[in-house]
Each structure stands twice: as C-alpha cells, then as structure tokens.
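Visitor: Listed below, chain by chain, are the residues.
2 protein chains.
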Amino acid sequence: MPEIRQDVTTKEWVIFAKERAKRPEDFKRGVNRELSSPYVDGCPFCAGNEAMTISEVYRQPSPHGMGGVDWGLRVVPNLFPALVDKGDLARIAEGNLFHRLDGVGQHEVVIETPLHNRFIHEMGDDETTAIIDAYRARFTELRDDDRFKVILIFKNHGKAAGTSLEHPHSQIIATPVVPAHIRNKYEIATAYFDDTERCIYCNVVQEEIRLEKRIVLLTDAFVAFHPFASRAPFETWIAPLKHRSSFGRITDEEAADFAAVLRIVLRKMYVGLGDPDFNYVIHTAPLTDEDKHYYLWHMQILPRLTTPAGFELGSGMSINTVLPEETAEFMRGVQIS
Amino acid sequence: MPEIRQDVTTKEWVIFAKERAKRPEDFKRGVNRELSSPYVDGCPFCAGNEAMTISEVYRQPSPHGMGGVDWGLRVVPNLFPALVDKGDLARIAEGNLFHRLDGVGQHEVVIETPLHNRFIHEMGDDETTAIIDAYRARFTELRDDDRFKVILIFKNHGKAAGTSLEHPHSQIIATPVVPAHIRNKYEIATAYFDDTERCIYCNVVQEEIRLEKRIVLLTDAFVAFHPFASRAPFETWIAPLKHRSSFGRITDEEAADFAAVLRIVLRKMYVGLGDPDFNYVIHTAPLTDEDKHYYLWHMQILPRLTTPAGFELGSGMSINTVLPEETAEFMRGVQIS
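Line by line, the protein sequences are chains A and F.
The numbers in the working numbering rise by one with no breaks, and the one at position 260 of the first sequence is 1041.
The numbers in the working numbering rise by one with no breaks, and the one at position 140 of the second sequence is 921.
All the pointers check out, no bait thrown in.
Note: identical chains are not told apart, hence a pair may lie in one copy or across any two.
Straight-line C-alpha distance at most 30 Å; calculated DSSO-like pairs for lysine-lysine:
id	residue 1	residue 2
1	K792	K1073
2	K940	K809
3	K799	K940
4	K803	K930
In short, the hints are calculated from the structure, not lab data.
Source: prediction; values computed, not measured.
Work out the full structure, taking the sequences as your base and the hints as a guide.
Guide: Below, the structure written as structure tokens:
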C-alpha cells in the first residue's frame, strides 16, 4: 500500500510508491566515476590558471603549503553570472499585467581547493571548515548590501545536478527579490510560531531526534537526518541543535562542527551510493528577517538519483520509491573509515 | 543585463541570464533520436501484447481498421501505480508533528496508439482527437469518485522527461489531497478574482494575444504561447479562449480544436528542436471548485533542455537563458508542411 506524507514546513505532500519500491542499496552506482588528475589544463579553477578568473573577492592561504600554490580557497565572480552588480530595482511594466526588473544581484563561485580532484568527501576537517568559513565571510559581506533580500549558497555536484565544471566549487547568489517559494515557507513558519511560540524547524529536528529512526548522525551541535517526507531517495537535512534563523550568525565553533558533519555525510554518500550526483543548499531566513525567531537555518542535500516528471511538475508533489527510515538505517551502517 | 520577470499566476520569479544567452536554434539536437519499429517484442503497450496489461478501463476502435488490430487507443491501470484504489483517507499521526495517509487514488496509462513509433507529432487530427476524448472520458469517470480532489493528466516524453517506456502513452493520476502547489496557485487566482472579478489566466491569455510577440499559434478557440516568465526555454502554454475552469467541461468541438493545436505545437517542436524530451500537463481546477470562475484550464508543455540545479531547488526561482519573445518567433517560423 503506498502512503502519502506531508512535509509540515512546506505543506507539500510526497507519495511513497511501494509498488515501485526499491531497496536502499539498489541506488548505488555500479562503478564510481573516473577520477581526474589534480591539475587539468584549461580548467579555470585549477592552481596555475588563476588568470582565467577575474577580480578575486576572497582568499584563504594554502593549508599545507602545497608546492608553489599560495592559496587554499578562492572566491571569484561568476564569469557567466545569473545576476550582476548593477542596474535598477524599480519594477518595469510590460503591458497591463506583467512586470520585470533588472537582474541586480551577485553571483560568486567558491573555488574550494586548488586541486581538480579533491572533493569534500576526501578532505580533512580543516579544509572543509575553510569552505564553511568562506561561505560565512561572503554571506556577511553581501548581507550589508541592502539591495539584496536573500542569499543562496549551494553546490551542484555532477552532471545530473546541473554542473558543467568538474573542479570542486560551490556558488553564492544574492537576489533582489524574495522568491515566492521561500516566502511561502517563511509564512508557514511564522503562522506556526504565532500558534505555538516555537520554531517549526526546531520542533521537526527535536521530533526526528526523539523518534530516532531517520537519524543518520547526531553530534553535540548538529543532526543529519532523512526527513519524514523526503522528496527523493536519500534527501538529507543537516540542522543545528541551537536555534538560529540565519546562517550568517554561525559561530566559529559551530562552523567547525557543521563542516565535520557535512564531510561525514558526503563521505557516507560517496561510499554508500557510489559518488552520486547531488545538490546542496543552505536554507536561511530572508535578510530582513534574520533577527526573527521563525526560521532555523539548515542545509538540504538532494542526491539526483531520480528524474522528476510531468506529475511532479504539474502537482508540486514528489513520488519517492523508498522510505527515509530505510535509507537512514542504510546510511548509518555505511563505514567510511 | 539580465532581467527578472514575475509569473503573475504563481508569483514566482524567473531570471533571464543574458550573459549565458543562447539563440533559439542553439537548443536543437544535432541528430533526431533513432526511430523504433512499429512493433517491439516485449513492449506491454504494443498491439499483440494486450495480455501484458490488466483490466482495461477504456478503449477506442481502430481508426483505420489496421490489419488485425481491433483498437486504436486503450486505457489501463498502471502496473506500478503511485496511488491505488483502496485504503483509508484518515490521517495517521506519527509522533507529535508528522502525519500521513494511505496512498488512495487512481493511476492509469493512456496507450495512445497500437504502434510503438507513432507519436502525436506524426498523427492525424482524428488520432490526436481520440487522445483528448480519452482524457475527457476518464476525467469524467474519475471525477465522480468523491475520494479524489485533483486529477492530473500528463505525458513524459523521453528519458530526460522521466519516462522509461518508449511506446506513446500518457498518464492520469487522481489524488486524495489538494497539492499545496496547486492550492497556492488557486488562492492567487481567487484573490485576483476578488479584486477584479476577472479570471487571472484569461487576463494573461488576452494580454499575450494583445502584445502578440510571444504567440506561437492562434485559432478561433485556442492560443499557444511562450509565457512572459517562461521557466525554461520553449515552455509553451495552450489555453482556450473561452473561460472554463475545468478540463472536464471541454466540448466535442473544443476537444477537436485543442487536439489540432496540440499536434501542430508538438510537430513544430519536433522539427524545430529535433525531437526534444518534454513533459506536458493539463492544469485544471480542483474537483470541488470546477464550477467556480477563478481558474482557466490549460496545458503547459515543458521541454527538458536544461537541468534545474541547486539554485532552482533552493529558491524555487528558475534561470532561463533565452527570452520567450525570441523562442516564440523562432517557433512561428518553423515549417511543418
């Protein structure tokens, strides 16, 4: 018998189609993708090719003093930006019904390492922490620009996740509008707070910890779990145990803890699923609402193992073929030593 | 300069990233996909293999009396259904915060033709009309089951659109819940009606016709256009000129007109883009609201030429790389003789 579950944070329904059911291990790739070499000629993000990127906005030193390379991480503007740092926020009418505005914003690339083939799942905690530090530094800088309403930090890993560049990198986009999808979620959280004086995300986290069965990893400061209404197999949320609406307010200690949990989760995914394509996104309150208590920043990781089709596009409902209780149990058992 | 446009029917924003801009013709596949033969051994939908499907719920006779085949179109239950015709609608609590219900619903497959390689873009108007007639007949039947709230009719064409079966088919799913995504759109349309006493979709259609530049095809009864805030290249809407909330209320004459427009649009897409993968979905009011005036049924066709990545997943905003004015002009020029 299939079942339908609701995500309380979005009110979206997810169908768990047991007639199409798969076992967690059925999602593993037969062969891991081929490893590239540490340097690839013509890659704009590789050490030695720094001239292929422009006007670096952030840099960290090389953690291990690697031969001749004087940086460990760089942040540069995206050469093909979705949004740009100029233009006007005024709405421009087209006819009587439509409106648009200039594509004002920022679009940056976090080059996570000088090495073409060093992904987070292979890094040490110091390197992963450097990435989280960079996210926070750029978030803090962009937050002060009052043209921006939302800052999205995300990673596309692999072709099915929409990336064309292999070199380990993530992206930061600051938008001049609050996306309707984010506004909807924020309004659900606000209404819940009005009713209960509690953050709905904190309640979800506490309830998942109490129920135990969907937890992948629990530390003193963070929890990684497969949510009750996972939209896709192995969807994973990493959330702080301490309430904080904005990712920008993360402390040094929390950043290091978060980095360690992220590394372990991605490592388990790499080993258990055979280097799947995935996206991750840091969800955080809109910038004007950072000091309100209605939201909990967290990361959502979505492996791209299945293809959303017409039903999903038309209804907004997802069809999942495996229960998060089963995938979480599987992930807990994956050894990563 | 990129620009950001809002879809007034969903309030979602779409970024048009001109720094990544492509010309419409750049989306064409180099080579069309290989054509299969009319019969494929082991295909459950091919003529002669009827025993591989169960309990047919609808059938149309063969339009041309093809040698020995006594049907032109069949509707059968999906062998791997997302939802099933049994179970209970009661919500079941899990812990203090989560809830679920049985996966009650219907999931049917419309086998559009006995021939494995006869797609809509190759059909005559009588065959396409037979498909629309089948959609309406099944919609009308399922509508009378008061367990169901929404009926989704959709097609997945090609691997990037999420299908594994090549034989021309579409699907019908009746759900026991109103998806939040559909409820949101319906509430936007209702608020607009409260303000203006007009259907927002009819206003969009009239405005697109008045502005002309995004129209692909205009007949006495239907219009096909690329919407102002197209989420992806070549997104196409087909809408009736006469206001009707529910697809289920389409007349015989309208069904034939709609079929003809659909055939032409898919034919232009096949020729102009080289048989792209695509999804289409018929959007219609929830079943309890069929007699209200807030909605206009219409079809949305979404070619799967690009891959939504982390930004899209996290924000709900889309990034498009070509303006609908340009793609509509390109499509108008595609000759389909």
